[in-house]
Each structure stands twice: as structure tokens, then as C-alpha cells.
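Chains D and W, in that order, are what the protein sequence lines are. Sequential numbering from 14 applies to the first sequence in our numbering. Sequential numbering from 1037 applies to the second sequence in our numbering.
Restricting the straight-line Cα-Cα distance to at most 25 Å, the calculated cross-link-like pairs of lysine to aspartate or glutamate (DMTMM-like) are:
#1 W:K1119 <-> W:E1045
#2 D:K29 <-> W:E1121
#3 W:K1119 <-> W:E1160
#4 D:K29 <-> W:D1107
#5 D:K29 <-> W:D1146
#6 W:K1046 <-> D:D61
#7 W:K1352 <-> W:D1302
#8 W:K1046 <-> W:D1107
#9 W:K1119 <-> W:D1107
#10 W:K1119 <-> W:E1104
#11 W:K1352 <-> W:E1059
#12 W:K1352 <-> W:E1324
#13 W:K1119 <-> D:E82
#14 D:K29 <-> W:D1099
#15 W:K1352 <-> W:D1057
#16 W:K1119 <-> W:D1146
#17 W:K1352 <-> W:D1339
#18 W:K1352 <-> W:E1291
#19 W:K1352 <-> W:E1365
#20 D:K29 <-> D:E62
#21 W:K1119 <-> D:E62
#22 W:K1119 <-> W:E1206
#23 W:K1119 <-> D:E43
#24 W:K1046 <-> W:E1104
#25 W:K1119 <-> D:D61
#26 D:K29 <-> W:E1104
#27 D:K29 <-> W:D1078
#28 D:K29 <-> W:D1147
Everything labelled a hint here was simulated from the structure, so no lab data went into it. This structure is a prediction, so every number in the text was calculated from the model and none was measured.
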Amino acid sequence: MTANLRLPRLLAQAAKTGLTHEVEGSTVGEALLSLFALEPGVRSHIVDETGAVRPHVSVFVDGAMVGPESGVSEGAEIRILQAVSGG
Amino acid sequence: MVTMLVGTEKGGFLVEGSESDWEASGPLFPGWKVTAFGRTPDGTHLAAVGSNWFGIGIHRSSDLAQWEQIDAPPAWPEDSGRKMEQLWTFHTQGERVWAGVAHAGLFISDDQGVSWSPIAGLNEHRTRDDWQPGLGGLCAHRVMVDGDSQWVAISAVGVLRSDDGGINWELKNDGVDPAGVPEDAPRPEVGYCVHCIAHDAEDRNRIWRQDHTGVYRTTDGGDSWERIEDGLPASFGFVMWRDDESGRLLTIPLEADRNRLPVDGDLRVFKSDDDGESWQPAGRGWSEAPQFTGVLRGAFDGDNRGAFCFGTTGGKLWVTEDNGEGWIELRQTFPRIGAISMLP
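If we strip away everything but chain W, and leave its shape as in the complex, we get (with noise of 0.2 Å):
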């Protein structure tokens, strides 16, 4: 049995089911965008919702069936110039959970995700000035913990690594190209579009990166990245998922920023099992039909044991139970889904 939270433009849907039989139930939060799940340390669920009108909210919930709004979500001081667009991504790690927000910055919540404050040496970085929005937004949208060691993945900016619990961070993306930079120009020190990031939970320093200009990896938590695009058909997308249990990499190529489906409608994972040294399709199951559809970053999720969901913008749920051998598309179809959280 698998069950995941499904996020979309229109709502959160919980999804139940296995094999070919699956229901679909909702929506939760009527008229309001689903962009992020969690859980805190207690095993509170968390939900992020968005509106066109009314700006972010946070819902806890301890049974999935009755959620409760906290009445002051992360927030940007008045005088900062900042508007907070929407919440991105929940991670928690130890007693704390940490939330990434566009406009891009960190807040943690030690209370359950009851109360927020902002992390002052990412959200006040030296290079501040200088981070432009992409076509996403600025967005904080992956944060990685490792104790002492915090990783931020901000989308036209790069990634940043704090070495000091998240007092000090330093920019890490040498050796990765930047978005919209001639070949010939000056490497800048920020606008680097990273998408997503995912590390080995057993060496936290291994680090996957799907950028907006090709796929790498970094060995030494950053410091240095190399390209890994062997077997892809396209180096453009925004999912990197890796599986705790296998060490099995993930992606969902798209053809490139022109055009962001996957290449001639062919929808697929690509797997790698060699730690992004190649990449092949992974499994069967796939559409023969062209699928002009996309994956955006906060719609993959897995298990860590073997179970694996993507949504797409069309509205899709994919789901494989075999550690990516066999994809199944769910009957039912969503709104646009941007969040997915596969719960074990």
C-alpha cells in the first residue's frame, strides 16, 4: 500500500492505493494552491499552501483528517523590500524543521512548526543585492543537513553551504555553468540556476545536481562539480531523487528552458546505477503515446524503499513499487501538481 499527499494549483488530494487499484480523496484546502509537505519531529504533518489573493499559510495535522492554520507563518520584515511568494520546502532534520520561501530565504521552527524565524546569515548574504529571480521566482527550494553542515539550493543563485550550523555560508558551484551567461564572459559569483539537489545519506559530501544547464555531481560537498550526462537525452529538468536503500539516481530529462517536455513527448525516468556515471531509462509501464507533459521539482517523491511517485503538470500520477522497474499512470487526474510526499 502506498500512500502520498498530492499537491496541486487546486488543492491537496491524499492518494491510497497499489498496483492498479488506487483512490484518490479531496480536495484539502479548496481554492488554495498545495506547494510543499512535511513532517516535524514529532510526526506532525505539515502542509504549505499558496493563493493568488492571500499570500502562504501553513496547516498541521496529526491524522491527515483534521489540519489546523498556524496563525503566523514565515514572514519578511516590513522594511526588507521582500514579498514572501510562497513556501517552497519543508526539511527536517533532528528537532528542527527547516522551511525554504521564495522570495528566496530560510526560516527554522523548533516548536513543531508552530512558530518560524529566519536564518539571518542566509537571508542577509553578503551577495544579497545580487540574486535575481529566474522564471520560478527566487526561490529557496532544497535544503540538505548533515549537523554542522547545511546545504541551500536557491534557483538563480546556486547552492550555498554553511560549515557552522548556518551562521556563515559560502557560495559552492565552481565547475557548474551559469544560466544566461555568454561562453566568454566573466564567471559570475551568483546566478548559477541550480533545480534540485540530492545527496547520499550515507557520505552527505556526494551531492547529485540537476541544473538548469546540465546534470553534475560534487564529491566534496561542493567545493567542485562535474558534468554527468552520459545516456540522457536531454541535460535539462528539475527532478534528482536519490534512493537511501539502492543508492539508484533518478531524473526526468525535458528537452531544454525553450522547451521544457520531455524530448519528441517520450516521458520517462532515467536511472543510474553508477552513481550518474551513465543514465538509461528506467523500467517499463511508459505511455507509446507522446506525453507533452513536464515534472517540476517538488513533484517526486520516493520511500527510500523502493517505492518511487512523480506528478506531472498535466495533472498525472506516476507510481512504481520496484525501485523504478515497472510505472504505472493512475487513472485519476489532477491539476497542475507542483508537491508530492510519499509517506512510509
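Pulled out of the complex, with its shape left as it was, chain D reads as follows (with noise of 0.2 Å):
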């Protein structure tokens, strides 16, 4: 499957070639990795240290939260946002 990803703005530095990207996978966790091999900058700011998303790092599916094991349709819309945290 090929999906569009969006990165949030924080990550604009990380990501060497800009903030959207196609990406493939049939799940959120194959789409992950295919976008890592594009931009090996956002890795660790995207997943720690065991390989989990972070905690307060969200993935949106089609505009729903969804997990690394949810699937991913052919021309979804994969957005990856900073919770609502911090001061």
C-alpha cells in the first residue's frame, strides 16, 4: 500500500527532505519504517529507544488515533502530531 504521511512542523529540521512523504506499508508499523528509511533523522524522535511510538507522540490514520498494528488502505492519510502537553 502507499500512503501519504505528514510529519508535525518540530520535526522540520530532522526530516531532510521536507514534511510529506508516500510512504509504503499495509500497517501503521510498515509505513513507520518505510518512512525512517527515507528520513533516518526522525527515527529516534518518532519511536524511543525499544521501538514503541513514543508516549506523547500520536498517529492519526484517516483521522482516527490508531496503533502500530492498525492498517494502513491504499492512498491513506497518515499524520503523526505531539500530544496536547507541555507548558
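Starting from the two chains in their separate frames, assemble the complex, guided by the hints.
Here it is, written out as C-alpha cells:
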């Protein structure tokens, strides 16, 4: 599956080729691995040492917040957002 | 002309000026906490950033204008059980750069800060399972190097020294009181909450230490420590600085761990010109109004030519250009300041 993934603006300097990418994968986890191959600098910002998505990072697919095992359909819109937290 | 890089909770700032005329620009890395600055052997500037959401990062720049983020900052192995919470310090010596991080550990770069590898002898130390975080986390915040002799200061653990280039490390805290331990309890091997260390550039075995439990010095590389607090209004604080040119020591006392503010709001740098035997308030220019603010360990720097600066948790910058005799508070206000680098 090919999906369109958009990164948050806070990762603009980590993402060398832009904030929007076409990624491949049938799950969110596979799509993220596809992203990390394109943009290795964003990996440590999205997942922690164990490979899990960071606690205050959310992944949305077509408007619904999902987990790494969730499916990704052809042409899906994936958004990565920072949670509403902080001061 | 003094040029400073200022790291805050909300980005970095470039501050330039002299006497009463100062300009600030920024923020660099908006939205990111800036936790440390450094220079690589070839002069490349380094800035460490962190985020509540996205972990840590390292940016490199040759001109302070264009910054490029590296792809792979220091990281803990997947099975380590440790988290990379913050990069606390850079230290450059010879052709190598060290980075101290939390959870506590050291990493080195031999390619101008582009890639990083762990120092296993420190990071997997035999006492590692006993390391516990303090209020500021479990952080390696100071590194000093003199050839094969290396020192690292880790909050709530203590000072460790290597005499073989970083392969083996020994705890060096004899004479220092442990933090949070009853007086009649046995001395623990770890649990010494060092806040800052500074050494004599000509004799690296002479080290001064601002600790959670007091102010100390050693003349034997840390084998033994003695208290040196004569004249200080309080023995708690986070700053210890030694000016290479004059030999002057500088620290900023805070009342106590239960009240991390200047005593009675009297924000002052204290100086010692006799290697810590005695301390006096440094210079003039201090506010007559109470300053209920703190100064953190990374927020003090100097150029070793008589200019010093520090930033407060209240976001104010103080500068002296005459070896600490006259101090100026800049008009600008910044977010909470945690890191400062004074550029030569």
C-alpha cells in the first residue's frame, strides 16, 4: 500500500527532504519503517529506545488515532502529531 | 564584545554586546529545549536539543546561522531499559568530543559530532544497578579529560575517574558526605550528588566541587576531598567555575536543597582567590531588590579572559567583563535558562 504521511512542523530540521512523504506498508508500523528509510533522522524522535511510538506522540490514519498494528489502506492519509501537553 | 549562546526551555538565543548595549536574536530551534552547547575539534558549533514529545537531537553549524541536525544522536540499546532523556554536556579535548547524557552515560565522537558511540566502561559500570536518579534525573553532566585521566560527574552517583583512557572507572568521593543518608548509616559506595566540578587547567588533579552536600576540593585527582566553605552564606548550589587566567573560583550559593533560591533573595556570585580557603561576594552591580531565582549548573560560562556570564531560572542574564568586579543584568528576559556558552 502507498500512503501519504505528514510530519509535524517541530521535526522540520530532522526531516531532510520535507514534512510530507509517500510511504509503503500495510500497517502503521510498516509505514513508519518506510518513513525511517527515507528520513533516518526522524526515527529517534518518533519511536523510543524499544522501537515503540513515544508516549506523547500520536499517529492518525484518515482522522482516527491508531496503533502500530493498525492497517493502512491505499492512499491513506497518515498524520503524526505531538500530544497536547506541556507548558 | 561578548557573544553568548543561551539555551532555554523554549529555544536558543544568540546574545551579543558589551557594557550596557546588548542585542538578542532567536529563537534557534523554536519549540525545542536547548540543553547544551559545544565545539568540535575543527570548530563546528554543536547544540543539543530536547523535547517533551520527541526526545533529543544534535545540531551542527559552522557559522551559527545555518544548522544541520544529525541523523543519529547518542542512543541507548533497545534492551538496556534506559531512556535517552537529555544531553547535558559536551566536552572537547584533542580530536574527540564527549557527550554526557541522562539516563547517565558517556558517548564519544571522533568525527566532529556526526556519529556517537558509547563508553562501555562507564556506562556498564559494576555499580550501575545501584545508580538512582536525583531531582534532576540520573545525568552525567560534567566531563574533564587530561590524556588518559578522565573524570565524569554524575548527579546522585558521584565523581568517577578513569586512569586508562576511559576503559576502567573508579568512584572518587572519599571525604564527601552522601546525600539523603543518615549520619550514622554506613557510607554508601554510590549516592554522592555532585552538582558541578571544575579543575585547574595546569594541574588537573586540583578539582573544586559544588555538591548537594557542600563545597569541596581535592588536590589528588579526587582520591580525597575536603570542605571549603569559609565565607559562603550557604553550601548548596549548582555552579563551580575556575578562571584559567586568574585562578579565581566562582560559585553561586543557594540556600539549601529544600529552598533552591539565594539566601534572602541576595543573588550574588561568590569568589575565591585562594583556591577556596575563603570566599567573598564578587564585585558590584547586584540588584538591591530580592532576586528569588536560581542558577543551574549549565547556565554559567566564561571565556577564561575575564568575562563571565550566567543565566537564571527566571530568564535573566548577568555578565561581567572585568573578572567579576562589575556585573550587569541584561534588560532582555528569556525563558528558563539551562545552558550558556560564551564564545571566544
